[in-house]
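Engineer: Letter by letter, the chains look like this.
Number of protein chains: 4
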Amino acid sequence: MIKVGIIGGTGYTGVELLRLLAVHPQVELRAITSRAEAGKPVTDLFPSLRGHVDLAFTAPDAAGLEQCDVVFSATPNGVAMQQARELLAAGVRLIDLAADFRLKDPTVWETWYGVPHACPELLEEAVYGLPEVNRQRISKARLVANPGCYPTSVQLGFLPLVEAGVVDSDHLIADAKSGASGAGRKAEVHLLLGEAADTMKAYAVAGHRHWPEIRQGLEAATGKKVGLTFVPHLVPMIRGIHATLYARLTRDVDLQGLYESRYHDEPFVDVMPAGTHPETRSVRGANTCRLAVHRPQGADTVVVLSVIDNLTKGAAGQAIQNMNIMFGINEATGLSQPGLMP
Amino acid sequence: MIKVGIIGGTGYTGVELLRLLAVHPQVELRAITSRAEAGKPVTDLFPSLRGHVDLAFTAPDAAGLEQCDVVFSATPNGVAMQQARELLAAGVRLIDLAADFRLKDPTVWETWYGVPHACPELLEEAVYGLPEVNRQRISKARLVANPGCYPTSVQLGFLPLVEAGVVDSDHLIADAKSGASGAGRKAEVHLLLGEAADTMKAYAVAGHRHWPEIRQGLEAATGKKVGLTFVPHLVPMIRGIHATLYARLTRDVDLQGLYESRYHDEPFVDVMPAGTHPETRSVRGANTCRLAVHRPQGADTVVVLSVIDNLTKGAAGQAIQNMNIMFGINEATGLSQPGLMP
Amino acid sequence: MIKVGIIGGTGYTGVELLRLLAVHPQVELRAITSRAEAGKPVTDLFPSLRGHVDLAFTAPDAAGLEQCDVVFSATPNGVAMQQARELLAAGVRLIDLAADFRLKDPTVWETWYGVPHACPELLEEAVYGLPEVNRQRISKARLVANPGCYPTSVQLGFLPLVEAGVVDSDHLIADAKSGASGAGRKAEVHLLLGEAADTMKAYAVAGHRHWPEIRQGLEAATGKKVGLTFVPHLVPMIRGIHATLYARLTRDVDLQGLYESRYHDEPFVDVMPAGTHPETRSVRGANTCRLAVHRPQGADTVVVLSVIDNLTKGAAGQAIQNMNIMFGINEATGLSQPGLMP
Amino acid sequence: MIKVGIIGGTGYTGVELLRLLAVHPQVELRAITSRAEAGKPVTDLFPSLRGHVDLAFTAPDAAGLEQCDVVFSATPNGVAMQQARELLAAGVRLIDLAADFRLKDPTVWETWYGVPHACPELLEEAVYGLPEVNRQRISKARLVANPGCYPTSVQLGFLPLVEAGVVDSDHLIADAKSGASGAGRKAEVHLLLGEAADTMKAYAVAGHRHWPEIRQGLEAATGKKVGLTFVPHLVPMIRGIHATLYARLTRDVDLQGLYESRYHDEPFVDVMPAGTHPETRSVRGANTCRLAVHRPQGADTVVVLSVIDNLTKGAAGQAIQNMNIMFGINEATGLSQPGLMP
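As they're listed, the protein sequences go chains V, A, P and B.
Sequential numbering of the first sequence, starting at 1, is according to UniProt numbering.
Sequential numbering of the second sequence, starting at 1, is according to UniProt numbering.
Sequential numbering of the third sequence, starting at 1, is according to UniProt numbering.
Sequential numbering of the fourth sequence, starting at 1, is according to UniProt numbering.
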């Protein structure tokens, strides 16, 4: 059994980790921390876990995290980088669900996250936890930077095109739509049901923190600079990301074949038949990225539709997939539930 | 492995059976029928099951249902009663998720469902599949009438009170609210998102088919006539029933203790702490009925809050719970996922 | 033109006042205050008002409210009672949309709102602004206590029964369901779309502040004590209240006739035909209370269905209706839009 | 008073026409037809109109439409072209809310709508009813083709760019998101709340009927061929379109100034300040198109955000705007309500 701790368990990625780990057959959940809720049973906050999780939240210091085999950090950005050295020194592996170790360049981090990086010396070692790209390195990693939700859906959608070099990678467009849980379990007026239901809007068009993360990933895949326009939108649903991707083809290619061969052996990427349209609900609560590729009117613009559950493949599910890889067990363990439909 | 067939797999109870049975460790799914969709892969209709269900729909006659150990009938009302004799004669056990075998009196059936009953001789044998009442009889049943969604939530909420004889059972009130999936996967204008979102309404106040079913259950528990006012409402959510129950206390009683002791050993009924309010999402996709009991202002009116997922504990989950009981395996097998929250 | 000021214009009742007053033909909007947003154009917060409202928020002290003919106070509970004396002394009429002047007994106020009342001497003068009960007194009032949203829907539903004395008023039951805007435009986790969408729950079953307000109104109508069980629920919609009311008949009566005659001359109460079920969307954005009355199965329990828009007839619309009455203009002025459907 | 008739009043564009015309001060509503509902009061279908519309539906033949000054045709595609000649011959002006007269080339019509055009000789005369382009011609028109919902939002968003010739018009991209009412009030499974809530999807990526309509409009504006990728999406809201538009700049330009000057005098196009993001709810029930223009990271891709209410500016509101222009009255008459927010 893998001994697991969670830092910061009161947010959406925290409760999603709990939902999945509670029934993971090879995990023993040892501790879940929350400074604000220390001492309170987890099920007081999350009654859906009654009968599944007996733990109470503990203060971070008292949690005995150093006894764990692996710790998931589900805290806001900027917290994990304060704790990483100590945990690694204690022989604990760390999977950070926030952004702290995603960007390789600490100056880019500082530009987008507003504070200097607290342990830049770990950035090189940290492995970007997108298994479809870095599976081998993840299997040996001490420190995994779990990808952002938008970056997961957008990179998995673009990768076959940019790896094959068949599109103009100076002018990629990602029009991404997210449910409200993507913004976290934070008390903010614009996320109230009264504000965010039955309406939609774009946001952060001038620049979103996931933009440099996506570019870094695509540039690693192509080996050159990538131009990307990224427009996120908030749509009135709880979970789910729908990324609609646009690129201009620079040469003719069998798009369906390209996608099917790229993801043929991937357990959590599902290439849909040509001509279809994946729905976000088809992956609700599931760790799958579902893709379809189109070339409307036979013109030179390719359109990729990529859906994930932002909390599962976009966060906690992918983190557990990474854990499974790190501990050498079947990658799909604990992640094999179909999506909840309807 | 239990060999399982499903009749009528294109509705919401059908797809919910598939979702749960696909990962049930002791089930082999043999056939799923649909006259309209015969020949089409199940995943064409339900892409959420891609990678989980390889079957195609088959015509009812060609499905080889007589080779199954058990068949779930997930058809509209009035279909299972046409097929029950034949299946039972072939040694197949039958769990009907529709209403055909729920009412013991065929004249009551005809009054509420508008057609004469096709095999009244089986009504006596049929066991009403509410495990919290009939577990022993279910374990030996050939034919189980799986309860309706409203009746499950309302009966589980009222049973401790009426069994203990502590309320005026001539004037019970059940104000029940259901998500739209309770009405089925039918193309009807009033169920469109454009009609049913961001609004709510009561319906069928003059009389709903679940009214006689609830009364029958409560009368069996008390041994006398029961007076019930039942008002169902459609609320803008996909899954979930919230039943708010009102009864007048005829004597003083420790309500919390009464509920806790009644359901102490029940794996799928969760009595919440005094003073709490269960949310439907806490059981989203889960087979749990979650209850809380209140006595506002210390007056003589008791208020019970009862939530279920109409498709799980209110339909397919409970049907699988019944199957587990019928085949002598752990009652919770395949039903242990926490609710999907958020 | 009536010169109008609004205190506290950043909440939902504030913006609803603005939406309606912006096109009210006999109103000149002079000032809208907000300490937090002083100096900011109203349309920065509420772009839906672009082209309709040119004002900026002003600090309360600088707003020149004493120059207005009438001021709407759309602040949290406990603020208007601090300002009432001064405004009235300046000859300004005051319509308070919060609870400060609704309860006649200052000890009941203190029990439910947790602070002593700041100007109990005004409670007697304050007129409870339910035009269907107090139209004459409203027409002469300096100070109107605009009713709460639940109390409006519940009282309008029960009044014909209790005024006629045809039900057991010791055991009234009000099962009320509200959209999320009823909780206000406050940054609270449980009101997030991620928490409140696709789910529902009861809340405050032990006691809600609208319970004494409803009782007070019904007791005034009957002249005796009333027993009321009031259970509010949060449902996943933006606007709308659906109150489902239950009472036991003590004598036979033509219910449909009773309701139609009670509300025959009321411009904003619509009694639906017998056997129908009003939807909340039928009054979305409209100042109407729509009612239907049922007697299921001919038993002795009467069921009343009462829907309003909590922000319109349940708050800002009713406040403007009161203003129209106070200033002797047509009661429906500025309030004649049909509901937004779909 | 303008005497108005409506053909086909049971769909969403029909009821939206009724909502707006019921309070239009210069309209007398004479007849509303529906073959299926003939004889039934309009308010039986649409209780939101109780107290506002006294008409019953009449059979098309008996409606006396030839006595009207103007008829709105709110029928499915292909109906208005059967009736146009006769109405025009009777001296009635016709505003068609369907697609029958939008495409100038009858072969393009036949390609996309599957049937030959019934009166191609009227296509030249028909005026495309986008007032921001064709106001002068609309004022003299007998026959107006009211634009589609997507085409309204996309054209208003792109027009300043293509008219000024500052973008590569061979590679325009329109990523459009619509609420469910855009698909009409039709009983189709995929539009059920249980299917379309809490999820989203793209659809018709291979080709949507609004694609040739948008291209025709943009080509008229530029005088040359336009290349357009158009991807519509269904999002879980009732009303609203959010079009996110992408184009590559071919020369530097003051984008904000370009948009503001283009729409300076337009009563129903609102250019938001630079850096903002319009929400669909800001135009809920309003006849406004609200736009913002961005140039992320200073790169050469311009992003335009364009929101409308698909039933108002995208259908019935724009049709009434056209009527106002045709009859020489103030263009905003009856259309001056702010959006319903929240």
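For the record, the hints were derived by calculation from the structure and aren't laboratory data.
There could be a bad hint or two in this list.
What follows is a list of derived Cβ distance ranges for each label pair [stated by the list, open to error]: (1) G64(V) - A206(P): 52 to 60 Å; (2) H264(P) - K186(V): 48 to 56 Å; (3) A187(B) - D170(A): 35 to 43 Å; (4) G64(V) - K40(A): 32 to 40 Å; (5) P76(B) - K186(V): 42 to 50 Å; (6) N330(P) - P116(A): 56 to 64 Å; (7) T111(B) - D252(V): 36 to 44 Å; (8) G227(B) - E66(V): 54 to 62 Å; (9) P25(A) - T111(B): 51 to 59 Å; (10) D105(A) - A36(V): 30 to 38 Å; (11) A36(B) - G165(V): 51 to 59 Å; (12) A206(P) - R251(A): 37 to 45 Å; (13) D105(B) - Y203(A): 43 to 51 Å; (14) D252(V) - V108(B): 21 to 29 Å.
Keep in mind the model is a prediction, meaning the values are calculated, not measured.
Note that the Cβ used here is the ideal one computed from N, Cα and C, for glycine as well.
Engineer: Which constraints among the numbered hints does this structure fail? Numbers only, ascending.
Structural biologist: Numbers 1, 4, 7, 10 and 12, in rising order.
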